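J.: Each step along the sequence shown adds one to the number in the numbering used here, with nothing skipped, and position 283 is 283.
Read the hints as simulated data drawn from the structure, not as lab findings. Computed from a predicted model, the values in this text were never measured in an experiment. Be aware that a few hints might be false.
Pair by pair, the computed Cβ-Cβ distance ranges are [stated by the list, open to error]: (1) G144 <-> G108: 45 to 55 Å; (2) S170 <-> R259: 39 to 49 Å; (3) R15 <-> A196: 20 to 30 Å; (4) W166 <-> D247: 13 to 23 Å; (5) R89 <-> H219: 37 to 47 Å.
Every residue, glycine too, gets a C-beta built ideally from N, C-alpha and C.
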Amino acid sequence: MFRRRFLDRPVEAARRLTVGHVTLEIVAGSVVGHRYPENFDVLHVDPELPIAAVADGMGAGEGSRVAGRTAMDTLTERLHESWPTVGPRELRAATAAAQTRVRQAGAGLAELTGCTITALVAEPDGEQAWIVQLGDSRAYRLHGGLLELLTVDHTMAWLGVLHGWWPATSPEAARARYQLLRYVGHPDRPDPDLLAVPLRPGDTWLLCTDGVSDQLDYHRLRDLLADRDPARAARALLAATLAAGGDDNATAVLVRSTRRSPPRADGAPPPPPRRRRTSAAPPSLPDSDREHR
């Protein structure tokens, strides 16, 4: 067993951001787990705009690290540049830019450079949000007592179970679980899945890497997300992945929507999210086609 490095990202107090008629409470955290000596997951909770995302590097080396960081930096940079316009065109363009930069960065590395990415981006009026996904990092929504999986895993295992090629618990499915069909850095630059979803007060969203979804079943996730305190829920969720074995890096972002806070005493409405441009280009990355960690 390796000596534990301090690469966990502790869950901090919720960040609150008002968009339209809702206020979003966002918390996030990540744990290394017990299997890997480093954390190859990346998370992002934007300090200015209603953007949250998780990424999971493929493999356990430099290509994994570079891919996740490059993809996340590029995606968020492009979303800042296009703000306040949020829609399919802007989301596809941001993902395409991430694909290009990850491929460029990977050209100088002798290993696979690729990652998953799943993001939630709210529109400025707060009426709806977009989920952007490539890979097998997931997005869930807890609406009332119903926990819904909103994304599909872009893996050979998911495809095989869907088409009846093998049972979900078979050795074939277990092997195919690590064969990603779409990811950031893929040589064919596949398009992401885009899903428009309503932002309803009371809903809780979970973005997570497979270190969470592979270790915690439906009922456990539902029960943990039902906690009224999102920060406490996120801490309990990550602790549960360690108790379940800690077989992978585990990263989670919780987004809870509530009704907009009343106006300030001076009568002025809460300020809208600001637009910010970033000038620094994220580092570049490799290519190839290897199994997902």
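J.: Compare the structure with each hint and give your call.
T.: Cross-check of the supplied hints:
1. G144 <-> G108: 45 to 55 Å: Distance hint for G144, G108 holds at roughly 50 Å.
2. S170 <-> R259: 39 to 49 Å: holds, 46 Å
3. R15 <-> A196: 20 to 30 Å: holds, 23 Å
4. W166 <-> D247: 13 to 23 Å: holds, 22 Å
5. R89 <-> H219: 37 to 47 Å: Holds, at about 39 Å.
Comparing the model with each earlier hint shows no violations; every hint is respected.
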